[in-house]
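Peer 1: For reference, the chains in residue letters:
Protein chains: 2
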Amino acid sequence: MTVGVIGLGLIGGSMAMVLKQQGFAQKIIGADARETHQNEALELGLVDEITDVFNLVQQSAVIVLATPVDAIEQLLPQVMNTVNNQVVIDVGSIKQKVVAAIENHPRRCRFVATHPMWGTEYSGPRAAVRDAFAGKAVVFCDVAQSDADALQTAQQLYQCLGMKAVYMNSADHDVHVAYVSHVSHITSFALANTVLEKEREEGAIFDLASGGFESTVRLAKSNAATWVPILMQNRENVLDVLNEHISQLRKFKACLEKEDDDYLKELIEGANRISSIIQ
Amino acid sequence: MTVGVIGLGLIGGSMAMVLKQQGFAQKIIGADARETHQNEALELGLVDEITDVFNLVQQSAVIVLATPVDAIEQLLPQVMNTVNNQVVIDVGSIKQKVVAAIENHPRRCRFVATHPMWGTEYSGPRAAVRDAFAGKAVVFCDVAQSDADALQTAQQLYQCLGMKAVYMNSADHDVHVAYVSHVSHITSFALANTVLEKEREEGAIFDLASGGFESTVRLAKSNAATWVPILMQNRENVLDVLNEHISQLRKFKACLEKEDDDYLKELIEGANRISSIIQ
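Sequence order for the protein chains is W and R.
14 is the number of the first residue of the first sequence in our numbering; add one for each residue after it.
14 is the number of the first residue of the second sequence in our numbering; add one for each residue after it.
Wrong hints could be hidden among the right ones.
Which copy? The list can't say, so a pair holds if one copy fits it or any two copies do.
Heads up, simulated DSS-like pairs for lysine-lysine below, C-alpha to C-alpha not over 25 angstroms straight-line [to be verified]:
#1 Lys234 with Lys211
#2 Lys264 with Lys40
#3 Lys149 with Lys271
#4 Lys271 with Lys110
#5 Lys40 with Lys110
#6 Lys271 with Lys177
#7 Lys266 with Lys149
#8 Lys234 with Lys40
#9 Lys33 with Lys234
#10 Lys234 with Lys266
#11 Lys278 with Lys110
#12 Lys110 with Lys211
#13 Lys211 with Lys149
#14 Lys177 with Lys149
#15 Lys33 with Lys177
#16 Lys264 with Lys211
#17 Lys266 with Lys33
#18 Lys40 with Lys271
#19 Lys264 with Lys177
Rather than coming from a laboratory, the hints here were simulated on the basis of the structure.
It should be emphasised that the depicted structure is a prediction, and the values quoted were computed from it without experimental measurement.
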């Protein structure tokens with residue numbers, strides 16, 4: 014079948030690459046607002062052709078929306094206006110505002126809201142990689158509002174990417190991702206800024222940046238075009254979690270201020286329980 | 014030569030393994046307060062024999078202190094009391110209190126204070142790995158207080174591990190590691206606790222833990238026996254950096270509260286400058 018991918022960055026580009034490679038798509042049509050992305054995606058062979066959104070929708074059996082989430086919110090109603098019987102899937106990192114954007118649309122049933130939980134700190138078509146997605150979770154949201162055949166097509170697409178399906182409503186999804194993704198990014202951005210503030214005074218600090226630092230601050234390379242809309246669209250959940258995170262940090266601060274070894278040990282051993290969740 | 018390693022955990026165990034393998038040591042003698050560590054180190058072939066600290070010092074040309082930093086502070090004066098012309102090296106993550114512990118010791122000149130900037134979130138002899146250390150920085154502190162031949166031996170040891178030497182005084186070292194290592198660990202512990210608090214209510218959250226989360230929270234597996242003494246011995250520097258980090262987090266919080274996209278973009282783009290430092 015022909016798959017149309019709107020937004021040819023890290024996620025859209027990787028998806029185009031793997032869907033073609035795995036035989037899910039015989040042809041990939043791409044659209045992207047940025048000319049450099051269009052050219053790079055063609056050069057890298059991620060897409061067979063580039064066209065505009067209207068033509069892409071007409072020619073594709075499955076349409077994947079993979080732009081930043083603010084653009085998804087704007088584009089989705091336009092795409093749904095031109096859809097007949099095709100299947101439309103978005104891959105945005107937040108779901109409530111996306112789903113709300115077409116809540117009462119007559120073609121709502123042709124849309125499947127999904128979030129493949131994979132990414133790297135890099136962006137653009139050149140960041141696309143072949144081993145993307147496999148083994149990670151994909152969240153399907155509010156599936157009762159999608160036609161059975163549309164859902165099935167989306168499920169087949171993600172099976173083809175090797176992803177594990179998880180189902181929940183879009184409100185729960187947005188709370189969960191605030192915990193497991195959005196606040197990780199904020200702590201990483203903030204840690205980078207903490208160190209970079211210091212660097213104005215002390216150049217030598219970076220000779221010492223070791224493995225631990227690199228892995229904690231890796232996400233701080235993530236780009237603003239992707240992350241400003243994600244954090245803003247999910248701001249209430251993110252604020253809740255961020256407040257909780259700051260209060261957890263204050264507990265560590267209190268231990269150090271009071272030289273309370275026992276409480277510090279307790280906090281660290283509490284955190285060690287994460288070993289049962291991530292390997 | 015014969016190298017004695019006191020403390021056969023991740024760092025001591027890995028060092029024993031690599032020094033033997035690279036031919037720096039013909040024989041490795043080990044000491045460890047924990048019987049399980051003694052047995053595991055022998056089983057894994059990390060050491061040729063196990064003895065007590067006194068015998069280890071008598072039989073070794075180079076003595077490496079690789080216990081948690083509170084034990085280094087206690088053991089170092091005892092070790093220096095029994096040293097003749099051997100070289101004593103510690104590998105602790107903080108340096109001021111270690112150096113202060115033997116400041117006026119008559120054999121101070123046989124001691125070289127070092128910090129190899131490598132580690133993983135795992136501990137114990139079984140965590141030792143062959144590709145440890147290579148390409149990372151090792152900090153030598155207050156080298157003017159060490160004999161030239163003792164320093165040279167320590168430099169040769171770390172060259173053999175493939176590490177890049179950096180020189181600074183112990184006070185500067187302790188400030189720098191607060192930035193690039195200690196506060197990374199605290200943010201990771203706190204993030205794990207933030208998520209684990211939530212998990213009491215919501216089991217489903219962990220289906221979603223994706224790559225970004227894993228890398229940010231990886232350090233939260235680090236053990237309390239190592240980290241309580243490090244954070245406590247460096248508490249003043251760590252508190253300074255932690256306060257700065259919390260104030261950076263508050264800037265993100267303010268952006269979200271005020272829905273200030275421009276300021277959020279500016280903060281993220283500021284953090285992106287970390288790309289010029291870590292690859």
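Peer 1: Are the hints correct? Go through all of them and say.
Peer 2: Going through the hints against the structure:
1. In this assembly of identical chains, Lys234 and Lys211 lie within 25 angstroms of each other by CA distance solely inside one copy; the values are 18 angstroms within and 27 angstroms between copies.
2. Taking the closest pair of Cα atoms, Lys264 and Lys40 never come within 25 angstroms of each other, the shortest separation being 55 angstroms inside a single copy and 46 angstroms across copies.
3. Neither within a single protomer nor between protomers do Lys149 and Lys271 lie at most 25 angstroms apart by alpha-carbon distance, with minima of 42 angstroms and 34 angstroms respectively.
4. Proximity of Lys271 to Lys110 under the C-alpha cut-off of 25 angstroms is restricted to the inter-copy arrangement: shortest distance 19 angstroms between copies versus 44 angstroms within a copy.
5. Taking identical chains as interchangeable, the C-alpha atoms of Lys40 and Lys110 are never at most 25 angstroms apart, the minima being 31 angstroms within one chain and 65 angstroms between chains.
6. In this assembly of identical chains, Lys271 and Lys177 lie within 25 angstroms of each other by CA distance neither inside one copy nor across copies; the values are 46 angstroms within and 37 angstroms between.
7. Taking identical chains as interchangeable, the C-alpha atoms of Lys266 and Lys149 are never at most 25 angstroms apart, the minima being 35 angstroms within one chain and 29 angstroms between chains.
8. Neither within a single protomer nor between protomers do Lys234 and Lys40 lie at most 25 angstroms apart by alpha-carbon distance, with minima of 33 angstroms and 45 angstroms respectively.
9. In the homo-oligomer, the alpha carbons of Lys33 and Lys234 never lie at most 25 angstroms apart, since the shortest distance is 29 angstroms inside one protomer and 39 angstroms across protomers.
10. For a Cα distance limit of 25 angstroms, the shortest separation of Lys234 from Lys266 across copies, 19 angstroms, qualifies, whereas the shortest one inside one copy, 27 angstroms, does not.
11. In the homo-oligomer, the alpha carbons of Lys278 and Lys110 lie at most 25 angstroms apart only across protomers (20 angstroms), although the nearest pairing inside one protomer, at 41 angstroms, exceeds that limit.
12. Within a single copy, Lys110 and Lys211 get their C-alpha atoms only as close as 38 angstroms, which misses the 25 angstroms cut-off; across copies the closest is 23 angstroms, which meets it.
13. With identical chains, the CA atoms of Lys211 and Lys149 are at most 25 angstroms apart between copies only, with a shortest distance of 21 angstroms across copies and 37 angstroms within one.
14. Taking the shortest Cα distances, Lys177 and Lys149 sit within 25 angstroms of each other inside one copy (6 angstroms), while across copies they are farther apart (37 angstroms).
15. With identical chains, the CA atoms of Lys33 and Lys177 are at most 25 angstroms apart within one copy only, with a shortest distance of 20 angstroms there and 45 angstroms across copies.
16. Within a single copy, Lys264 and Lys211 get their C-alpha atoms as close as 24 angstroms, and across copies as close as 17 angstroms, so both meet the 25 angstroms cut-off.
17. In this assembly of identical chains, the alpha carbons of Lys266 and Lys33 never lie at most 25 angstroms apart, being 51 angstroms within a copy and 41 angstroms across copies at closest.
18. Taking identical chains as interchangeable, the C-alpha atoms of Lys40 and Lys271 are never at most 25 angstroms apart, the minima being 64 angstroms within one chain and 45 angstroms between chains.
19. Taking the closest pair of Cα atoms, Lys264 and Lys177 never come within 25 angstroms of each other, the shortest separation being 36 angstroms inside a single copy and 36 angstroms across copies.
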